[in-house]
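Q: Protein chains in written order, with my numbering: chain V, 1 to 328; chain P, 329 to 656.
A few of these clues could be false.
Stated by the list, open to error - In silico DSSO-like cross-links for lysine-lysine, where the CA-CA straight-line distance does not exceed 30 Å:
#, chain 1, residue 1, chain 2, residue 2
1, P, LYS421, P, LYS343
2, V, LYS15, V, LYS205
3, V, LYS93, V, LYS15
4, P, LYS395, P, LYS343
5, V, LYS15, V, LYS67
6, P, LYS533, P, LYS343
7, V, LYS67, P, LYS395
8, P, LYS395, V, LYS93
9, V, LYS93, P, LYS421
Bear in mind the hints are in silico, worked out from the structure with no lab data behind them.
Here is how the chains run, residue by residue.
There are 2 protein chains.
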Amino acid sequence: MHVLVTGAAGMIGRKLIQRIADEPQLFGHPVTRLTEHDIVRPETPETANFAVETVGGDLAEPAIASKTLADRPDLIFHLAAVVSGEAEADFEKGYAANLDGTRNLLEAVRAAGDRYQPRFVFSSSIAVFGAPLPDRIPDDFFCTPLTSYGTQKAVGELLLSDYTRRGILDGIGIRLPTICVRPGAPNKAATGFFSNIIREPLAGKEAVLPVDESVRHWFASPRSAVGFLVHAATLDTASVGPRRNLNMPGVSATVAEQIEALRAVAGDRVVELIRRERDPQIERLVGGWARDFAPERALELGFRADRSFEEIVRVHVEDEHGGEVGSR
Amino acid sequence: MHVLVTGAAGMIGRKLIQRIADEPQLFGHPVTRLTEHDIVRPETPETANFAVETVGGDLAEPAIASKTLADRPDLIFHLAAVVSGEAEADFEKGYAANLDGTRNLLEAVRAAGDRYQPRFVFSSSIAVFGAPLPDRIPDDFFCTPLTSYGTQKAVGELLLSDYTRRGILDGIGIRLPTICVRPGAPNKAATGFFSNIIREPLAGKEAVLPVDESVRHWFASPRSAVGFLVHAATLDTASVGPRRNLNMPGVSATVAEQIEALRAVAGDRVVELIRRERDPQIERLVGGWARDFAPERALELGFRADRSFEEIVRVHVEDEHGGEVGSR
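Assemble the whole structure, with the sequences as input and the hints as a guide.
A: In structure tokens form, the structure reads like this:
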């Protein structure tokens with residue numbers, strides 16, 4: 001089985017590829033070949049027990065999209081995207097990467113021939129929704145994004161459904177919750193603090209909490225996100241029907257509940273590293289974000305999320321700290 | 329005031345332009361100039377009391393889109409589209425006209441400069457919805473189109489909202505009901521019979537009814553459709569907020585109610601010209617179409633539809649038969 005991953009150098013891409021390297025039977029058939037794409041040529045995993053090739057370049061160029069599809073991979077994970085903040089700051093770059101890039105990849109599948117109909121897993125986002133939002137968002141709630149990133153993801157979803165309906169590919173779009181705890185350095189995404197207040201204290205460092213503890217949001221661990229991708233790749237799509245874009249399950253938690261989960265895992269001294277410093281701009285943004293979902297279809301289809309925010313913290317400790325909380 | 333109409337040679341385009349010619353004060357400020365675009369250069373109305381210029385060509389070519397915007401019209405009606413059946417039969421033509429054409433026009437507005445922010449009225453369609461549908465579709469129901477045409481319209485809507493949010497233009501998307509009674513020759517659109525069974529008998533000709541009389545659908549007259557466009561052009565958009573695509577009001581009627589309206593206007597002998605001949609393929613398609621809407625936002629914003637199907641029949645008799653029913 002030949003697998004393509006676009007955006008392979010990103011956080012989720014790297015974790016997905018590591019999981020494939022660890023479990024080559026993950027998709028039922030053994031993975032014999034992996035094509036990794038990213039805007040800069042990604043590094044090859046050291047542990048892979050199958051052929052790995054890399055493609056570097058911008059999917060906004062049709063020739064790059066065609067190149068990734070040259071040998072007709074059986075399974076495509078399309079993760080490549082310019083992130084929310086950057087797509088908002090640079091209108092043209094966001095549309096090129098997120099709309100043209102996705103369309104070029106879909107068109108490359110179409111050009112690859114009649115008897116080719118790969119599974120195509122598209123990582124979408126809860127950014128397709130925009131305020132005002134109900135307390136729990138139902139599966140049939142409409143997409144009215146309030147960012148260019150959310151707009152571009154919603155367009156990708158519509159194309160994915162139509163290309164699926166046309167028999168060009170077998171698509172599944174998964175709307176990922178905010179990924180938490182995001183490993184690595186603090187980033188400047190407005191959602192970053194949700195991860196910072198867990199990750200930094202666990203590493204013995206101070207973190208700033210810019211909003212009230214009553215703020216509620218929708219989370220999944222990186223491990224769950226990879227699990228969603230794997231499940232979307234192996235799902236029997238006959239049971240999905242024509243509506244191919246799914247709200248993923250997750251954990252709805254307030255900041256207070258995040259903090260209590262951190263305390264349960266790592267103790268009071270770690271929690272004391274959270275410094276409260278309100279940021280009115282972030283508070284205003286957060287007011288427009290999804291707080292909770294009723295992801296009934298995804299649950300029926302067998303997608304599974306973390307069971308609690310405490311589990312999300314424990315996943316981070318296992319995956320990024322080797323299971324040890326140093327400063328407990 | 330300078331007005332641009334794309335798709336000016338289409339049925340709605342021609343009726344809109346005639347209305348502008350009849351009432352040049354329609355938009356508050358006098359229309360002094362009109363740019364008409366269509367794929368083939370449209371004919372100029374004879375009665376116009378203002379400068380009219382025409383642009384022929386395909387908006388899928390960025391140069392044609394730029395040409396229509398060259399003199400920065402104050403008000404844009406974007407009606408140009410490849411229709412549903414054709415977009416389904418010719419994948420590439422539909423995407424070129426309906427997706428690339430719309431995006432090129434939006435991009436031409438963006439390229440036209442910083443201090444330019446025209447009102448941009450986009451004719452969308454209830455084809456953005458796909459079965460299974462609730463009996464009455466609420467304003468916040470999601471878009472899961474089951475045609476490439478519906479997909480392309482839904483993408484256009486998302487772009488319209490984002491370009492509006494970005495301050496590039498001041499967009500309003502209106503989701504038109506099925507237009508009935510459509511004048512002219514019977515066409516091969518699957519929805520065509522809803523018009524045929526009224527128009528043909530009124531002209532003394534037989535028409536085929538391919539479905540059961542219990543079939544319910546959602547209608548507006550051509551005159552109402554033009555009214556929606558005019559209202560969208562003059563509406564105070566400050567009260568609309570970021571959700572710029574609106575389900576238009578209409579008349580929900582069964583085929584039986586259509587026939588009784590025809591009888592009330594034109595009598596039994598006209599109704600006898602309807603021949604019942606079931607078409608399983610059309611019956612299957614009709615099963616997936618919208619039956620009724622609760623278009624609360626559009627009504628609050630002042631959009632007004634026909635009051636009954638009988639009024640829709642009377643509008644047709646007034647506008648296409650000079651008010652006279654010959655064979656009563």
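Q: When the hints from earlier in the document are held up against this structure, which numbers fail?
A: 7
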